[in-house]
Each structure stands twice: as C-alpha cells, then as structure tokens.
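*Asks:* Here is what each chain is made of, one letter per residue.
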Amino acid sequence: MSGTQNSQAVAEYREGVPAPSRRMEVMVAAVALAIIVSVVLLAQQIELRRESAPGQIDARFWPTVLGCTGAVAALWRLALVLRGGPVERDDLERVQPGGAGRLAMTLLLSVVYVALWEQRTVVAAGFQVQVFPVVTVLLLAGLTWLYGGRGWRALILFPVGATALIYVLFHTLLRIPL
Amino acid sequence: MSAFAEGLSALISLQVLWCMGLGLVLGLMVGAFPGVTATMAVALAAGFTLTLDPIPGLAVLLTIYVAANFGDRIPAILINTPGTPASIATTLDGYPMAKNGQAGLALTMSAIVSALAIVVSMVVFVVAAIPIATLARDYFRSPELFALVVFGLTVMIGISSRSVLKGVLGGVFGLVLGSVGLYAATGDQRFTFGSPNLAQDGFSFIAVIIGLFGVAELFDQMLTAHERKVKPISSLGRWWPNRQEVRSSVKPFGISSGVGVFVGLVPAAGGDIAGLIGWDRSRRASKTGATYGKGNLEGVVAADTASSATLGGSLTTTMALGIPGDSVMAVMIGSMLIWGLQPGPRLFTEQPELLVSIAGIMLFATLLSLVASLARLRGMVRLLDTPNHLLWPVILIFCIVGTYATTNNIFPVGTMLAFGVIGLVFKRTGIPAGPVVLGLILGPIAEENLSRTLVLAQGDSFFSVWSPIALALLLFSVTSLIWPLLSRLLRHDRRTLSESIADDVRGADEPTDDATTTRGIQ
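In order, the protein sequences belong to chains A and B. FYI, the working numbering numbers position 49 of the first sequence as 49, with every residue one higher than the one before it. FYI, the working numbering numbers position 477 of the second sequence as 477, with every residue one higher than the one before it.
The hints are simulated quantities; they were obtained by calculation from the structure and are not laboratory data. Using N, Cα and C, we set each Cβ at its ideal position, and we do this for glycine too. Be aware that one or more of the hints could be misleading.
What the hints assert, rightly or not - Chain B is faced by these chain A residues, among others (derived, beta-carbon under 8 angstroms):
id: 1; residue: Leu92
id: 2; residue: Phe127
id: 3; residue: Ala164
Said to hold, decoys possible - Reference listing, derived: stretches of chain B covered by chain A, where coverage requires no fewer than 3 residues with Cβ under 8 angstroms from a Cβ of chain A:
id: 4; segment: 389-398
id: 5; segment: 426-435
So here's chain A without its partners, still in its complex pose:
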C-alpha cells in the first residue's frame, strides 16, 4: 500500500470513530466519584439490627471498603485525565444521524410495552383478552417500522409469526404464564 493510500485509509477510518474527548473523561471520573461517595454515605445509614461479634464484620463494612476503594480509583482517574491529553476512542463507532432518536423511541416503546403487559388481561366487548400476544404484535410491528421495515411481510407477517413462536415456546412448551 502506498503512503498516499495509507493516509487516505487512516483518514477514512478516523471518520468512523468518535473524536477524543477530554471533557467526557473528566465527566466520567467526576460522576463515578459522586456515585461512590453516595455509596459510602448510604452505607453509613444501613440500619443494623444488632451489634456484630468481635472480629465479625457488620453490614456496613463491605460497602464502605468498596466505596473507599472506588473513591481512590475515581480520584486517581480524575487526576490522570485532568493532567493528560484527550483519550483516543477508536474502539467505538461514531453515533449515526437518527441513531439517538431510534434508541429513544425503542426505549419508549419498550417501557410502554412492559407497562401494558403488566395488566395481563383486559375485558373487551365482554371477552377476557390476554394482553401479551396483542401488545407483542404491536411492539414488533412498531419496532420493525422504526428500524425501516416496510410492506405487509415486515409489518404484519413477521410480527404475528414471531409472536406466535414466542408464545408457543414460552407459554405452551415452557409453561411460563405470559
């Protein structure tokens, strides 16, 4: 490979990975430190029903040790990133346009699905209807549409077929009360 081609390939590769971010690294270390300090504080508030025997550790000891260890690591990390330059992130792919929206909608649909499924059964037109198959077909159709699926096969046949498969596998064969 020639030098020009090589540089071009490197440039193309760099385009696909997120830019190094010192600010993100500082934030990660700071948030970690805040969470760990909270753990230590919460550990001190654990209610002890009785005093521990001599030499025995109580319910607060282990979380406190972990919290202190984590705090040292977080502080060390914070000091390193404040002193050092930005960190390469070439192990990650860049977030694509529309990716965050796709993820947010997926989470929203999933939460709504779980909330509806928790109803288990509803009475519609005098009949008791099991919620799981209905909401699963709707969720799968919604997700398929969200990810770019179009046409009756993707939006009707696939959700119905996949729901039937899941229902037979979990409800009929494994006897899970869906």
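Given the structure of chain A, go ahead and fit chain B onto it with the hints provided.
*Replies:* Positioned in the frame of chain A, the structure of chain B alone reads:
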C-alpha cells in the same frame, strides 16, 4: 452406578437432544451475526433455560458456546468482520483467502480444526478438572478463596479494559451491586430503598447480565448502525483441502492447540487473545511465515485452533475453581448458581458425574456443530444478509421475555432495561462490562470469605491465617493490575491486551483491514 455411567446416562434423553439441537441452531446463528456475541446469546438463552433441569439447561448453554465458535468464522472469512471477538484472528488470513477465491477451503478447514482443537482441550478438561478441584478443596480455606476471587476479578480488569482504573471502577460497581439485598450474616437490609424485590434477592444476575451484554450491545448498534460497505464474498471456490494442505496444517495446529489450552486456563482470557497469540506463534515458526496475513491457509488453521482450544481450559478454570475462564463462563456461573450448582472446588469432587455430563455435552455439541458447519455453510452465508429491522426486534423481545421467564415477574424486566442503558453508557465511556458482572457474581463469595478470614484472624498470627497460596494469589492480583499500568505508561499504550496483540501481529501501518475488524468486534 459409576460416575461415568451416571454422567452419560443423564444425557440419554430426547429432551437433552432437543435442547442441544436448539443450542446448535442458536449458536450457529449468533456466531454468524456480527455484533451478536456468544456471551450475549448465552445470557439471552439463560432466561428460558432456568425453567429447565440443570442437565438440559447446560446442554442448551454449552452447545451455544461451542456452536458460536463455529458460526463466527463465517463473517470473519466472508466479510472481514468477526462474528464474535474469538474470530478476530481468523480475519487476518481468512478474508484474504476469500478474496483469492478460496473461501470454501478456508471455511472447511476452519470448521475441521475448530472441532479437533475443542476435542484436544476437552481432554485437558477431563484429565485436569478433578485434580485441580481436589487440590483447591484440600488447600483452599476462606483466605485462599477470598484471594482467588480477588485474583479472578483483577485479571479480568487487567485484560478487558484499556484503562485499569475504569476497570476497577466497573469491578467496584459490580461488587456494590452484589451487596444489595439482605446481608446473609445478620439479615440486615442494604441499599434496598424499601423495594421488596430488592430486599428479597437483590439484583437478578440474569437481568443484569442480559442488560449489560445483550441489550446494551443492541442499543449501541441502534446508535451506530450504517450501511455495511463490504459485501459478502459470493464465490466460494473449492471446499476440501488436498493432501499437501492437510500436511502443512499439522504444525500450526500443534502450536496453536498448546497456546489455546494454556490461555484458556488463565482466568478471564478468552479466544480472542488465544487466536492472536496462536497466529503469531505459528507465523514465527512457519517456513511460509512471510505470507501470513496474505491468505495463507496455515494462518486460518493457527488462529481457529488456538481460539477453539481455549474452551476446555476455560471450562476447567470455571468449574474447578469457580473463577470464570472467559465472559461466557461468567454468564454460565450465574445460571448454574440459580440451578443450585456452585462452580468451585466442591462441585466435581462431590458430583463427579457432572464432569462426565459436561464433557459429553461439549464433545457431542462439537460433533453436531462440525457436521452442521460442513453441511450448511452455503445456507449460513445467507444469514449475513438478514436486515436489522428483523434482527433487532427479535433480539429485544427475546431479552424481555427471557428475563421475565426467570422469575415470572416484571421487576427484573425493568432491571434489565435499566442495565441496558447503564451498559450502553459504560460502553460509550469505556468502562468494561466484564468486571461488573464478575463483581456481581463473586461479590457475595468474596465478602463471606473475607468475613470468615477476619474471624479466623482474631488472636492468630498473620502468617497462620494468610497461607503462601493466599499471599501468592494476592500478589498476582496486584501484579495483574499494576503490570498493564506500567507497560502502558512505558509504551504510552492505552489499548487492551487483545488490541495490543492484534496491532502487534498485524503491523502498525495497515489500517484498512484493521478499521473494519476493530469496529466489527466492539
């Protein structure tokens, strides 16, 4: 009835056969889909295998583990993207072979050497597991068990993370998660915030594992998905090797099977590292080493032998010591604990028939995967074209229903989704998920043994409590944390162990293939 006969007879049932068939299909499929790792598949399957008895459940999970090891070679060879991290090294010679019109030959040899390497590694498992477990049972008391847990955790942190400190933070997070719920010694509630679900069992292993390994990976793909630039190679060429090619494969097979078995025995080191080291060692020992990386069949043999030979070693460390040999095994431990099987020194010494059953499942799964790989390779190639709009909803719904199936309760489903988001944040910020899961699983064991050790230490001298074994393990733990820090400081190198080896063996200035490969494995 002898342990051997008992272990084998447990496998002779239609249910076990059916479960292995299911595991085979799932394993080959997840292996073939880039981005869906064996860890993710085993975590997903753990949702419904918990409703089964231990042997059929193990049949599903172990067969996925084996079959994914065959399926992941297909995208590595045909589109230069490893199906799972274990096939990173396969891309080095597999894809160039495919471009030279030898994809069929590469796929066939890959399947054959993978099967043989697993058989070799299972010999090690059968021979070494019980002696190692017996040794550990006889000499490992609470201080040694505590030190062993710390050792397993620190090795995983050292290997899996670019930043050791981020790995430590991940490990601490997992250990704190493991402390949620009732403190067994006194019955005090910790971090339950009034939730009866948390007070009862703490966080569900399976929900956290599926969230961190399955859902987080899926969410990351949703964020970053773009059209694949590399189209699968459609001209596969001849399938079977000639005598000369078989003869030239013997040496790389020998070298790499040794490398693979050894790496497999090291806690937390998996097929990705073994494949790269095996490829590199074979290249150095080969007369045709100069053509490695340019489509040399020996390179494919070396890479796939080494990564497959880790399976037996990894299983040995996991089952005999209770320390996961790789990330799949970390998930497996979670499932086994729920079945009431505690991997560790007592498992095989008290239930030796289980060793026979596990070895039987692994060997039969290998045979099935080999036959399926050779018979179905042409059909499997089509899987690479499965669009995301069908793949993603199926994975998500299986994660949701699989998690629900573990307890027939919606709470773990919420936990799983929450940990999917946490896992995504961790992935995007470089905090590894492996130490989190290991901390969650091993945390209670570490705390219990530390507690007993401190009681033992009352009035006794330091060296009568902390034996040379415990001190050596703690010393190794410190070394495994400090060594990557030191080497990275000296070399200004922030890559993980597998990334360092990958870059070293490829040479620093070949970014085109690196780009595809590195992005494919994350």
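*Asks:* Taking the hints in turn, state whether each one holds.
*Replies:* Hint by hint, here is what the structure shows:
| no. | hint | result |
| --- | --- | --- |
| 1 | Leu92 | holds, 6 angstroms |
| 2 | Phe127 | violated, 24 angstroms |
| 3 | Ala164 | violated, 12 angstroms |
| 4 | 389-398 | holds (count 8) |
| 5 | 426-435 | holds (count 5) |
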